[in-house]
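Participant: Listed below, chain by chain, are the residues.
Protein chains: 4
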Amino acid sequence: MGIRTVVWNEFLHERENDVVRGLYPGGIHETIAAALRADAGLEVSTATLPEPEHGLPAERLGRTDVLLWWGHKAHGQVDDAVVERVAQRVFEGMGLIVLHSGHFSKIFKRLMGTPCSLRWREAGERERAWVVNPSHPIARGLGPAIEIANSEMYGEPFLVPEPLETVFLSWFEGGEVFRSGLTYQRGAGRIFYFEPGHETYPIYHDPDVQTVLRNAVRWAHNPAPAWVDVSDAPNVPYDKARETLEPKGASLHKAGEAGYR
Amino acid sequence: MGIRTVVWNEFLHERENDVVRGLYPGGIHETIAAALRADAGLEVSTATLPEPEHGLPAERLGRTDVLLWWGHKAHGQVDDAVVERVAQRVFEGMGLIVLHSGHFSKIFKRLMGTPCSLRWREAGERERAWVVNPSHPIARGLGPAIEIANSEMYGEPFLVPEPLETVFLSWFEGGEVFRSGLTYQRGAGRIFYFEPGHETYPIYHDPDVQTVLRNAVRWAHNPAPAWVDVSDAPNVPYDKARETLEPKGASLHKAGEAGYR
Amino acid sequence: MGIRTVVWNEFLHERENDVVRGLYPGGIHETIAAALRADAGLEVSTATLPEPEHGLPAERLGRTDVLLWWGHKAHGQVDDAVVERVAQRVFEGMGLIVLHSGHFSKIFKRLMGTPCSLRWREAGERERAWVVNPSHPIARGLGPAIEIANSEMYGEPFLVPEPLETVFLSWFEGGEVFRSGLTYQRGAGRIFYFEPGHETYPIYHDPDVQTVLRNAVRWAHNPAPAWVDVSDAPNVPYDKARETLEPKGASLHKAGEAGYR
Amino acid sequence: MGIRTVVWNEFLHERENDVVRGLYPGGIHETIAAALRADAGLEVSTATLPEPEHGLPAERLGRTDVLLWWGHKAHGQVDDAVVERVAQRVFEGMGLIVLHSGHFSKIFKRLMGTPCSLRWREAGERERAWVVNPSHPIARGLGPAIEIANSEMYGEPFLVPEPLETVFLSWFEGGEVFRSGLTYQRGAGRIFYFEPGHETYPIYHDPDVQTVLRNAVRWAHNPAPAWVDVSDAPNVPYDKARETLEPKGASLHKAGEAGYR
Numbered sequence: 001m002g003i004r005t006v007v008w009n010e011f012l013h014e015r016e017n018d019v020v021r022g023l024y025p026g027g028i029h030e031t032i033a034a035a036l037r038a039d040a041g042l043e044v045s046t047a048t049l050p051e052p053e054h055g056l057p058a059e060r061l062g063r064t065d066v067l068l069w070w071g072h073k074a075h076g077q078v079d080d081a082v083v084e085r086v087a088q089r090v091f092e093g094m095g096l097i098v099l100h101s102g103h104f105s106k107i108f109k110r111l112m113g114t115p116c117s118l119r120w121r122e123a124g125e126r127e128r129a130w131v132v133n134p135s136h137p138i139a140r141g142l143g144p145a146i147e148i149a150n151s152e153m154y155g156e157p158f159l160v161p162e163p164l165e166t167v168f169l170s171w172f173e174g175g176e177v178f179r180s181g182l183t184y185q186r187g188a189g190r191i192f193y194f195e196p197g198h199e200t201y202p203i204y205h206d207p208d209v210q211t212v213l214r215n216a217v218r219w220a221h222n223p224a225p226a227w228v229d230v231s232d233a234p235n236v237p238y239d240k241a242r243e244t245l246e247p248k249g250a251s252l253h254k255a256g257e258a259g260y261r
Numbered sequence: 001m002g003i004r005t006v007v008w009n010e011f012l013h014e015r016e017n018d019v020v021r022g023l024y025p026g027g028i029h030e031t032i033a034a035a036l037r038a039d040a041g042l043e044v045s046t047a048t049l050p051e052p053e054h055g056l057p058a059e060r061l062g063r064t065d066v067l068l069w070w071g072h073k074a075h076g077q078v079d080d081a082v083v084e085r086v087a088q089r090v091f092e093g094m095g096l097i098v099l100h101s102g103h104f105s106k107i108f109k110r111l112m113g114t115p116c117s118l119r120w121r122e123a124g125e126r127e128r129a130w131v132v133n134p135s136h137p138i139a140r141g142l143g144p145a146i147e148i149a150n151s152e153m154y155g156e157p158f159l160v161p162e163p164l165e166t167v168f169l170s171w172f173e174g175g176e177v178f179r180s181g182l183t184y185q186r187g188a189g190r191i192f193y194f195e196p197g198h199e200t201y202p203i204y205h206d207p208d209v210q211t212v213l214r215n216a217v218r219w220a221h222n223p224a225p226a227w228v229d230v231s232d233a234p235n236v237p238y239d240k241a242r243e244t245l246e247p248k249g250a251s252l253h254k255a256g257e258a259g260y261r
Numbered sequence: 001m002g003i004r005t006v007v008w009n010e011f012l013h014e015r016e017n018d019v020v021r022g023l024y025p026g027g028i029h030e031t032i033a034a035a036l037r038a039d040a041g042l043e044v045s046t047a048t049l050p051e052p053e054h055g056l057p058a059e060r061l062g063r064t065d066v067l068l069w070w071g072h073k074a075h076g077q078v079d080d081a082v083v084e085r086v087a088q089r090v091f092e093g094m095g096l097i098v099l100h101s102g103h104f105s106k107i108f109k110r111l112m113g114t115p116c117s118l119r120w121r122e123a124g125e126r127e128r129a130w131v132v133n134p135s136h137p138i139a140r141g142l143g144p145a146i147e148i149a150n151s152e153m154y155g156e157p158f159l160v161p162e163p164l165e166t167v168f169l170s171w172f173e174g175g176e177v178f179r180s181g182l183t184y185q186r187g188a189g190r191i192f193y194f195e196p197g198h199e200t201y202p203i204y205h206d207p208d209v210q211t212v213l214r215n216a217v218r219w220a221h222n223p224a225p226a227w228v229d230v231s232d233a234p235n236v237p238y239d240k241a242r243e244t245l246e247p248k249g250a251s252l253h254k255a256g257e258a259g260y261r
Numbered sequence: 001m002g003i004r005t006v007v008w009n010e011f012l013h014e015r016e017n018d019v020v021r022g023l024y025p026g027g028i029h030e031t032i033a034a035a036l037r038a039d040a041g042l043e044v045s046t047a048t049l050p051e052p053e054h055g056l057p058a059e060r061l062g063r064t065d066v067l068l069w070w071g072h073k074a075h076g077q078v079d080d081a082v083v084e085r086v087a088q089r090v091f092e093g094m095g096l097i098v099l100h101s102g103h104f105s106k107i108f109k110r111l112m113g114t115p116c117s118l119r120w121r122e123a124g125e126r127e128r129a130w131v132v133n134p135s136h137p138i139a140r141g142l143g144p145a146i147e148i149a150n151s152e153m154y155g156e157p158f159l160v161p162e163p164l165e166t167v168f169l170s171w172f173e174g175g176e177v178f179r180s181g182l183t184y185q186r187g188a189g190r191i192f193y194f195e196p197g198h199e200t201y202p203i204y205h206d207p208d209v210q211t212v213l214r215n216a217v218r219w220a221h222n223p224a225p226a227w228v229d230v231s232d233a234p235n236v237p238y239d240k241a242r243e244t245l246e247p248k249g250a251s252l253h254k255a256g257e258a259g260y261r
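Protein chains in written order, with the UniProt record's numbering: chain F, 1 to 261; chain Y, 1 to 261; chain R, 1 to 261; chain W, 1 to 261.
In short, the hints are calculated from the structure, not lab data. Quick caveat, the model's predicted, so the values are computed rather than measured. Be a bit skeptical, because a hint or two may be false.
Identical copies go unnamed one by one, so any copy, or any two together, can satisfy a pair.
Unchecked claim - In the SDA-like style, the derived pairs of lysine to any residue whose C-alpha atoms are separated by at most 25 Å in a straight line are: (1) Lys73 with Gly143; (2) Lys73 with Thr200; (3) Lys240 with Gly22; (4) Lys73 with Arg37; (5) Lys240 with Leu252; (6) Lys248 with Asp208; (7) Lys240 with Arg4; (8) Lys248 with Pro223; (9) Lys73 with Glu84; (10) Lys73 with Ala224; (11) Lys240 with Thr48; (12) Lys248 with Val228; (13) Lys248 with Asp79; (14) Lys248 with Pro234; (15) Lys73 with Thr48; (16) Lys240 with Leu42; (17) Lys73 with His221; (18) Lys248 with Val83; (19) Lys240 with Gly2; (20) Lys248 with Arg85; (21) Lys73 with Arg110; (22) Lys240 with Ile3; (23) Lys248 with Pro25; (24) Lys73 with Asn235; (25) Lys73 with Ser251.
From just these sequences and the hints, can you work out the full model?
Facilitator: Have a look at this one:
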């Protein structure tokens, strides 16, 4: 069985804007899914905002190994219950790859705990994403940098926590820099944020960008069994302690009682 | 002007339970506030759950440098709007010190982005909090370890992100270990989580614990002006770019338009 | 081809001390090698201090994927040239697993850049190594903690840099704690320090400890091609810059000249 | 008493090259020292390579709080014993600020444990050092970026460990990026690497660069008493353990014996 991968897209720009539809006729998710399918070890499907539960019912998420997330103008329309469900699956071990304007998605802000704000400019300028960690699995098969002829500028400061690893740093023609590839871990789940990928440019057709996405899915995949009780805070009774223990002092809790949350 | 410090307490156990009231007659917040006032450089006040807006209206938060947070059984009663307000102030530069059972507070989970779960046992066992980073400002004036005769056990795994720094690691009589002093930064705000401090034990009367709290307030204080627009994502028009830039390619946005959130 | 794994041991205690020889008749390296061979994907051999170049000539290191290092009383006898050679191979991508008293080996201190000092006691006390990052590949197949009936105590502070990840934290019967499993990256090479494993106790016969060692070899293996010029600092001439560039200002260097080191 | 600050310079280019002497008539160290003296809280002196013990005898280092290091063409002439002495003082708590070509100094490589290699080009191109962590004490008083009209390009990958914090990221006219301001801790000592500062350009006369240097000295200063035994590994005898302990099992060491190193 391959790595069960779901590409999520809000799928609005492609239906409303001719330029975007011209670049991504089936939607950004289909372009990305096709790129991922070049790796025969990935089982790729898609989900979009307009579907019931945004295409991410609990049962489906429960058998998803890695989720990619592209959203932009409709972050606010994503149901909070679905966001919590995705977060819980990340804690349990599902990988998450957040793309471009997904920096402001509810799920990314939920997992970072920060504003995830940045500076931006849509002027079709040149971007060069340098590989600063060439030995990282996500950079496998790349040269020193990815050249992107037309990109949206994202500039620092980028309000995220210090990452586990910095994989890419981008140079922009207009004079800015950006930490464009960052890794995190939250619970058992690995998270990769990747900045290149604006809807009005053909960035997801770029072979290097597609290589990054395939690498990232394999990197984010945690083969361990789902850690289903990751959010629980179990009581360890004194007579189950690993060392012999006599209870002392006062207590608010009765034996076996659940803790407060 | 001193460091404007607010000690927040849900203030329920002390009014409902004789043991807790006996240990902390004025409430845990008053014991902590008195300890902090031993540092003449701190301007200390308190706030509690039952007050309007939990004692944390926007105006007061706006002139708070460091906030300490103690909560346990009423995390769910804290208003989400107040939680967001506190989070925004942390991003702007307010320090936050989260105490003991505050690991499950809304504000700590909000800023960590993880479940913040752990294992626990209330058996009055011995805890020894080792200083693993003796040169850290928070450990100033301490010996190799803080001895706590009776403590609630908190055990690993503790579901938080890898910290910026690990300051304390605790040993428990029943056989567990815990990362009991951890630092983080979120936006311009410094965060310190400190595990010792259960309501049924006199831990906040311990001189070493009080030293830690005073040190932590000074460490968490960011003297920089508040970063009030930290959560904004401003557009940088092409003609304001630091390098000369000619716009290219298609665009969804009109000049000067705000980005999506 | 499997992961080419070399187990290095100074191999002195086993020849000088009856207790150690009784526990590890062929040497600690042979016990570890046998444990690793239970994973058919590993090609395991050994090397020891008394061999020419300590069994680690350049050619052999060049085809080693992961090196395990056990040393104790003869750190000072390890040739500096061999240490530099091993360091360079780590930078190029070779994994390194440093065991127990190897905390004071030249190679570990070389790669950490810190004293690597700690507190210790050889009293055969109980150790419990808690898994604090259960989703980490190195912890695969373990329960919540590894119980070690007799161990040498290693206590904090442990003078190493903040790790990339903390995988294990140990509890000791005598009252100390220790960060007993830590990961680092140096250049393209992954490093894992694992504390359990004293020569006068049968720790390397423990099934859980053996599981950790097998997991660690797989985790430390970097399948990328060796980054052979990782230590070079190449000049990028102005006419090879990715952006058009006209040289300006004064210069100390002539075109094409090598930089200073 | 102010923060005792020593500016170290190899002081060769200024005596050999007219351009450099024109920019820094008294040597780079005097320009930097003058800039630091604008902060009355700093007690600033200088030291250079040609002095006995490079101006850094043990007694002087012992009363130095923060050391700045500028070297380029004579890294190899720095005595290894002085390097070890500086490293030990960093572990004890002395702050260290490594400047520009000091990336290849013995002391920086010693403390990083990595090659510290990078790409470079001396073409007088424009550099823009963006502040990515505006709330960091080192960035106090700066705008969004430092503009440097003529700079030497340093490009990624920069072979250092993942930093504690990334404070500056630089954009170069020729198309590269670089992590130009990084913090580390080693033992009790704080380390800041700052890339801008080439000898053939007047970078150390730039007001923003001077602000960074003053801020960095204050940030790197650790007011705690020197941790003089930071590199020791003391034995904790079983009868001095904090928990009651009966020795068990075999032992190589006699009671009170020093450990191996």
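Participant: Against this structure, judge whether each hint is valid.
Facilitator: We went through each hint and held it up to the structure:
In this homomeric assembly, lysine 73 and glycine 143 never come within 25 Å of each other (Cα to Cα): the closest approach is 33 Å inside a single copy and 31 Å across copies. Within a single copy, lysine 73 and threonine 200 get their C-alpha atoms as close as 13 Å, which meets the 25 Å cut-off; across copies the closest is 49 Å, which misses it. In this assembly of identical chains, lysine 240 and glycine 22 lie within 25 Å of each other by CA distance neither inside one copy nor across copies; the values are 64 Å within and 30 Å between. Taking the shortest Cα distances, lysine 73 and arginine 37 never come within 25 Å of each other, neither inside one copy (27 Å) nor across copies (49 Å).
For a Cα distance limit of 25 Å, the shortest separation of lysine 240 from leucine 252 inside one copy, 19 Å, qualifies, whereas the shortest one across copies, 35 Å, does not. Proximity of lysine 248 and aspartate 208 under a CA criterion of 25 Å is satisfied inter-copy only: 22 Å between copies versus 62 Å inside one chain copy. Taking the shortest alpha-carbon separations for lysine 240 and arginine 4, neither the intra-copy value of 39 Å nor the inter-copy value of 43 Å comes in at or below 25 Å. For a Cα distance limit of 25 Å, the shortest separation of lysine 248 from proline 223 qualifies neither inside one copy, at 42 Å, nor across copies, at 40 Å.
Taking CA atoms no more than 25 Å apart as the test, lysine 73 paired with glutamate 84 passes in both settings, with 20 Å inside one copy and 22 Å between copies. Neither within a single protomer nor between protomers do lysine 73 and alanine 224 lie at most 25 Å apart by alpha-carbon distance, with minima of 35 Å and 34 Å respectively. When the C-alpha separation of lysine 240 and threonine 48 is checked against a cutoff of 25 Å, the pair qualifies neither within a copy, at 47 Å, nor between copies, at 36 Å. For the homomeric pair lysine 248 and valine 228, neither the shortest alpha-carbon distance inside one copy (33 Å) nor that between copies (40 Å) is at most 25 Å.
For the identical chains of this complex, lysine 248 and aspartate 79 are neighbours neither inside a copy (47 Å) nor across copies (36 Å), given an alpha-carbon limit of 25 Å. Within a single copy, lysine 248 and proline 234 get their C-alpha atoms as close as 20 Å, which meets the 25 Å cut-off; across copies the closest is 34 Å, which misses it. Only within a single protomer do lysine 73 and threonine 48 lie at most 25 Å apart by alpha-carbon distance; the minimum there is 13 Å, versus 39 Å between protomers. With identical chains, the CA atoms of lysine 240 and leucine 42 are never at most 25 Å apart, being 43 Å at best within one copy and 39 Å at best between copies.
Taking the closest pair of Cα atoms, lysine 73 and histidine 221 never come within 25 Å of each other, the shortest separation being 28 Å inside a single copy and 37 Å across copies. When the C-alpha separation of lysine 248 and valine 83 is checked against a cutoff of 25 Å, the pair qualifies neither within a copy, at 43 Å, nor between copies, at 36 Å. In this homomeric assembly, lysine 240 and glycine 2 never come within 25 Å of each other (Cα to Cα): the closest approach is 40 Å inside a single copy and 43 Å across copies. In the homo-oligomer, the alpha carbons of lysine 248 and arginine 85 never lie at most 25 Å apart, since the shortest distance is 40 Å inside one protomer and 40 Å across protomers.
In this assembly of identical chains, the alpha carbons of lysine 73 and arginine 110 lie at most 25 Å apart whether taken from the same copy (18 Å) or from different copies (23 Å). Taking the shortest alpha-carbon separations for lysine 240 and isoleucine 3, neither the intra-copy value of 38 Å nor the inter-copy value of 41 Å comes in at or below 25 Å. Taking identical chains as interchangeable, the C-alpha atoms of lysine 248 and proline 25 lie at most 25 Å apart only when they sit on different chains, with a minimum of 22 Å there against 69 Å within one chain. For the homomeric pair lysine 73 and asparagine 235, the shortest alpha-carbon distance between copies (15 Å) is at most 25 Å, but the shortest distance inside one copy (44 Å) is not.
Only between protomers do lysine 73 and serine 251 lie at most 25 Å apart by alpha-carbon distance; the minimum there is 14 Å, versus 51 Å within a single protomer.
Violation of the numbered hints given earlier is confined to hints 1, 3, 4, 7, 8, 10, 11, 12, 13, 16, 17, 18, 19, 20 and 22; the remaining hints are satisfied by the structure.
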